[in-house]
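Chain by chain, the residues:
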Amino acid sequence: DQQVKQNSPSLSVQEGRISILNCDYTNSMFDYFLWYKKYPAEGPTFLISISSIKDKNEDGRFTVFLNKSAKHLSLHIVPSQPGDSAVYFCAASENYGGSQGNLIFGKGTKLSVKP
Amino acid sequence: EAQVTQNPRYLITVTGKKLTVTCSQNMNHEYMSWYRQDPGLGLRQIYYSMNVEVTDKGDVPEGYKVSRKEKRNFPLILESPSPNQTSLYFCASSSGGGRPGANVLTFGAGSRLTVL
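So the protein sequences, as listed, match chains X and L. In terms of my numbering, the first sequence is residues 1 to 115. In terms of my numbering, the second sequence is residues 1001 to 1116.
To be clear, the hints were calculated from the coordinates, so they are not data collected in a lab. Built from N, CA and C at the ideal position, the CB exists for glycine as well. Please note that the accuracy of each hint is not assured.
From the derived model, a few chain X residues whose C-beta atoms are all more than 12 Å from chain L [stated by the list, open to error]:
(1) 38
(2) 46
(3) 76
(4) 85
Taking lysine-lysine pairs in the BS3-like style, the calculated list, with each CA pair at most 30 Å apart, reads [said to hold, decoys possible]:
(5) X:37 with L:1017
(6) L:1017 with X:5
(7) L:1065 with X:71
(8) L:1065 with X:5
(9) L:1065 with X:37
(10) X:110 with L:1071
Here are some chain X residues pointing at chain L (derived, C-beta under 7 Å) [said to hold, decoys possible]:
(11) 40
(12) 42
(13) 44
(14) 93
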């Protein structure tokens, strides 16, 4: 059973507009959430994270929102730029990864930002 | 530069021919992990290691072996590769969990493996 779900395989947005990527999770023990960005022919790179004690974390054009009651988080990119075109992975862990540091990843959403 | 280095980046091999994908990190990280990425399936964990001589299975360990004899190295071994192991493989490391930010993974650039 998938614990982290990204139900939209792809998203297309016009440059300058807002991109909203969604992620749902089923494990109520998850307390730390991360977003990774992946360009073709490169490894995923860390983008932004949020712990369960917060409902919002902002870093420049990127904001992550967490709704614990709905077990839902979203990544907002404002304004979107063509260089943001990539696959975005949502990931989650328990006890901040506990002694294992394990992250559970979603399947990813491919974002295309059109000029 | 802090990084995770994987080799080879690309490899075409034949069924049954043993191969090893090496992974090395220079950040003194305790935690290391291998993932495979397949279309429509995202990133799935193969094996992970919490520290030297401590390894454990992830979600898709069948057909793979790992070892962690040194802190910096975590090779992935395919004893008898099969075509269903054709995939894009990523090694990753982190300082370990237990506090916010400690389990942020740093990924290698990936190794694309094709098994004929």
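Comparing the hints with the structure gives:
The beta carbon of residue 38 of chain X is not kept farther than 12 Å from every beta carbon of chain L, the shortest such distance being approximately 8 Å. With a minimum CB-CB distance of about 5 Å to chain L, residue 46 of chain X fails to clear the 12 Å threshold, and the non-interface call is violated. Distance to chain L confirms residue 76 of chain X as a non-interface residue, since its nearest Cβ pair spans about 20 Å, more than 12 Å. For residue 85 of chain X, the non-interface assignment is confirmed: its Cβ lies about 18 Å from the closest Cβ of chain L, beyond the 12 Å cut-off.
Distance restraint check for residue 37 of chain X and residue 1017 of chain L: the Cα-Cα separation of roughly 34 Å exceeds the 30 Å cut-off, and the hinted pair is therefore not satisfied. Using a Cα cut-off of 30 Å, the hinted pair residue 1017 of chain L and residue 5 of chain X is violated, with the two alpha carbons roughly 36 Å apart. Pair hint residue 1065 of chain L plus residue 71 of chain X does not hold up; C-alpha atoms about 35 Å apart against a cutoff of 30 Å. Taken as a hint, the residue 1065 of chain L and residue 5 of chain X pair is honoured in the structure, with Cα atoms around 28 Å apart against an allowance of 30 Å.
Distance check on the hinted pair: residue 1065 of chain L and residue 37 of chain X sit about 28 Å apart at the alpha-carbon level, within 30 Å; holds. Between the alpha carbons of residue 110 of chain X and residue 1071 of chain L the distance comes to roughly 34 Å, so the proposed pair goes past 30 Å and is violated. Interface restraint check: residue 40 of chain X against chain L, minimum CB-CB distance 10 Å, threshold 7 Å, status violated. The beta carbon of residue 42 of chain X comes within 6 Å of a beta carbon in chain L, closer than 7 Å, and the hint placing it at the interface holds.
Because the smallest distance between the Cβ of residue 44 of chain X and any Cβ of chain L comes to about 5 Å, under 7 Å, the interface hint for this residue holds. Restraint check, residue 93 of chain X versus chain L: the minimum CB separation of about 6 Å is within 7 Å; hint holds.
The structure shown violates the earlier hints numbered 1, 2, 5, 6, 7, 10, 11.
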